[in-house]
Amino acid sequence: MAVLMQSILSGILIGGVYALIGIGLTLIFGVMRVINFAQGELVMVGMYVTFFLFRGFGIDPFLSVVITMPALFILGALLQRTLINRVLDALPQNQILLTIGIGLVLANTAMLLFTSDYRILSTSYSSSSVSVGGIRLSTPLLYCFAITAAITAALYWFLVKTDVGHAIRATAQDRDAAQLMGVSVRRMGVLAFGLGAGLAGAAGASRRPGRADVLHLPASRRRLHSESLRRRRPRRDGQHHRRDARRRPDRHRRIAQRLLPRVRLEGRLRLRHLPRRPVAQTLRPSRQESHVKTALFWAVPLIALLLVPIWLTSPYPLHIFILLFIAVAMGESWNVLGGFAGQYSVGHAAFYGLGAYGAFILLQDKHVAPWYGVWVAVAIATAVALIVGSITFRLRGPYFVLASIAVAEIIRLLALNWKDLTNGAEGILASDLPALHFGNRLITDWNSKTPYYYMALAMAVFCIAVNFLVQRSKLGYYLQAIREDQDAAHSLGIPLTIYKNIGLVISAACTALAGSFSAFYIGFIEPQAVFGLDVSVQVVLICIIGGIGTVTGPMIGAVVLVLLSEALRANLIAQGLFHLGLPETSATGMFLKENLAHAHVLIYGILVIVVILFMPDGFVGFFGTRLRRRASR
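For the sequence shown, position 558 (counting from the first letter as 1) is numbered 558 according to my numbering, and the numbering increases by one without interruption.
Keep in mind that a hint or two might mislead.
Think about it this way: if two alpha-carbon atoms lie no more than 16 Å apart in a straight line, the pair counts; the simulated EDC-like pairs of lysine to aspartate or glutamate are [unchecked claim]: (1) Lys-593 - Glu-566; (2) Lys-419 - Asp-485; (3) Lys-449 - Asp-432.
These are calculated hints, taken from the structure and not from any lab test.
Input sequences plus hints: build the corresponding full structure.
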């Protein structure tokens, strides 16, 4: 019993610190409606500030709160004024992705400056404890809880008793009404984000050492259900108060039908059918020409890619192409759900990992060849997608994003702890792949990169074709209508959950296919490598940088990310700077030579911030708009 009580009390004391982080998140979301995914990185910055204050100036970690909180407040206010403020009127998904980019920049900048080595902060009371009724409680934990309780009480007094606090609460309740009453909403946003960052710093210091533009119906807070429209009964939005609520809703259509014969009898003004032959002659050449141009646009680069292994014999260029094809397949897979349907899933690593583990386990335990096992893995990912979609599609906007992350994390923890099946954190090392035979003829023994190249190219072409077909199908129009306005699409009779699930199933199947191929190409998998959040973020980055909702956007994003990553890892950028005149023996040159090879994630974060702020439609939208303007001149 004593052990249980000690665990409960220790959990309460530790929970006070996390409550302080949560209060900061709630304050930011309540005032600005922005979910700050960089809150954890702000806690990390607060911990580093506390550590260096203790090491450099001997300031006690708990006393350093009076310095860390103002410092993080200033950092948060600067981030809000310079970055967050620019996307307050944008989609919630863009706000989330911007804060993810900020978090990547903060975390990887700290890793470059301070390396990934642990920093241990030890004081004279770090290992001391206090006995309360036979229960031993850590002294640092008691100090942490006391400081967080004092900060929480002071924040409550500030919000309830001061005029600025009243203005913050008014902004959180109704931004428009607060602005009409003279409250500076943007200033309150800066203050709220600064306070949230300051609370994160205090927690860090206190821790123990297509076209859908026809849908412009007004969307109210209460949805107009399609069932009520079909049953011809007034149900919502005050329809039962109308004077003619009991009249048949098709009354105007019947009146128009009665008037239509009169229009037909009005001589020269009567309605006439256009002759079929001129219409056909007008439309047929343009359609044929567009189809020919589209076929040439895709056929020429495809033929060139088919000939690449003949021209290039070195394995490294083929390796770069294989990575590029995998990135294209993953980006195109996510684009079906995130680009066409507007459902920004940041948990697609779940399907990627299911594809990898499903095919791997079948090969290791059941000796099923990968070209058969991959389809079983795709079927498993599809079944999981149906279950996940039926639950998570009840949510919208940022809540759906959080739910998708939670699903991927749950599956990652299952893979980590189900050691009998997945081998846990040790991972699975692939054995030699069996040779591929067609009848009695040997196709390949997988001893070179050429067969992997053609398999990856076929997979990328397949995913591109899926996007192309979905975009131009009835399903694609439904998905784009859902993306533009879910309430308006629902009012027009589109079943949202069904078509969202269809988009998720297609996206999950293609993602699992890419995960299976990538796992066999690399030859090793473990839960963090295939189910980690960084995998999902990288998939989203491919589409954001290239252009969401387009077929060519993920291809451009994949080219940018893969080439940039490989250029950094091979230190080509540093070598280019040295050729331009930067001294290799200087402090800057030595720093770049040693650290730039590991800075690809930092560059990813900077790219996300730049694209979200200045190119929200990606490279395709940015350059496409300028080309159209130049062509119209």
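Results of checking the hints against the structure:
Restraint check for Lys-593 and Glu-566: the C-alpha separation of about 15 Å stays at or below 16 Å, so the hint holds. Only pairs whose Cα atoms come within 16 Å are accepted, and Lys-419 paired with Asp-485 is rejected, the gap being roughly 44 Å. For the given pair, Lys-449 sits about 14 Å from Asp-432 by alpha-carbon distance, which is consistent with the 16 Å threshold.
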